[in-house]
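Novice: Given only the sequences and the hints, what does the whole structure look like? Please build it.
There are 2 protein chains.
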Amino acid sequence: METLKEIHIKHTRGLLDLIVLQFLNSKPMHGYQIIIEIRKTFGIYFGPSTIYPLLNSLENGGFLKSKWEINGGRPRKVYELTAMGKNLLKLTEDSLNFICRTLRKETM
Amino acid sequence: METLKEIHIKHTRGLLDLIVLQFLNSKPMHGYQIIIEIRKTFGIYFGPSTIYPLLNSLENGGFLKSKWEINGGRPRKVYELTAMGKNLLKLTEDSLNFICRTLRKETM
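Same order as they appear, the protein sequences are chains A and B.
Under this note's numbering, the first residue of the first sequence carries the number 1, and numbering increases by one thereafter.
Under this note's numbering, the first residue of the second sequence carries the number 1, and numbering increases by one thereafter.
Keep in mind that the hints were calculated from the coordinates and are not lab data.
Be aware that one or more of the hints could be misleading.
One copy or two, it doesn't matter: identical chains are merged, so the pair holds either way.
Stated by the list, open to error - No more than 16 angstroms apart at the CA atoms, straight line, and that leaves these computed lysine to aspartate or glutamate pairs for EDC-like:
(1) Lys77 - Glu6
(2) Lys90 - Asp17
(3) Lys65 - Glu80
(4) Lys5 - Glu93
(5) Lys27 - Glu80
(6) Lys10 - Glu93
(7) Lys86 - Asp17
(8) Lys105 - Glu93
(9) Lys105 - Glu37
(10) Lys77 - Glu59
Specialist: Encoded structure:
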């Protein structure tokens, strides 16, 4: 049987784009910071092989922009939301809210 | 750019197990009813090639049980939740609620 942990990992993975967009909406961050923040907030470790391709794909889509900064003595790519990224975040939140609201109605 | 529709389809697909469990928690249904109900509630058509494998996998996992009923003149497999299914539904809802709550805190 699926455990709560497995279910939780699956849903968090499914909403990872939304999570990353929300983190970056609060402040610009580099990839490793995002990994740490997800582990701290959701108790789940998604490694570089998950997070970096997601950041690349969001940047290629025009939702993020990045610049190199020297951080703790080494260069790191720092990401922030573009206007399109903010728009995507809004759409994504609306969609999730709609589903959550609809499911709540369904259970009443 | 991803449209709202695409985002919405992706999230609904990601939460399809939760949606099916909630529908079946309200009343036993056959597969085609579930397809109709999802389209009516979420405005998205997931066909038999998505829904039937999901129902099979939930039944094989012990979360659903089924029986054949004659319905509109033809035999249909009607599904309902098992005790394990109700438990899975609870865990899945808890996980989604946790993510939704955490994301809301994150935006404040």
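Novice: Decide, hint by hint, whether the structure agrees.
Specialist: Hints and how they fare:
{"no.": "1", "hint": "Lys77 - Glu6", "in the structure": "neither (31 angstroms within a copy, 29 angstroms between copies)"}
{"no.": "2", "hint": "Lys90 - Asp17", "in the structure": "within (12 angstroms within a copy, 25 angstroms between copies)"}
{"no.": "3", "hint": "Lys65 - Glu80", "in the structure": "within (6 angstroms within a copy, 48 angstroms between copies)"}
{"no.": "4", "hint": "Lys5 - Glu93", "in the structure": "between (24 angstroms within a copy, 13 angstroms between copies)"}
{"no.": "5", "hint": "Lys27 - Glu80", "in the structure": "within (7 angstroms within a copy, 46 angstroms between copies)"}
{"no.": "6", "hint": "Lys10 - Glu93", "in the structure": "between (18 angstroms within a copy, 13 angstroms between copies)"}
{"no.": "7", "hint": "Lys86 - Asp17", "in the structure": "within (12 angstroms within a copy, 29 angstroms between copies)"}
{"no.": "8", "hint": "Lys105 - Glu93", "in the structure": "between (18 angstroms within a copy, 13 angstroms between copies)"}
{"no.": "9", "hint": "Lys105 - Glu37", "in the structure": "between (32 angstroms within a copy, 14 angstroms between copies)"}
{"no.": "10", "hint": "Lys77 - Glu59", "in the structure": "within (12 angstroms within a copy, 46 angstroms between copies)"}
Hint compliance for this structure: hint 1 alone is broken.
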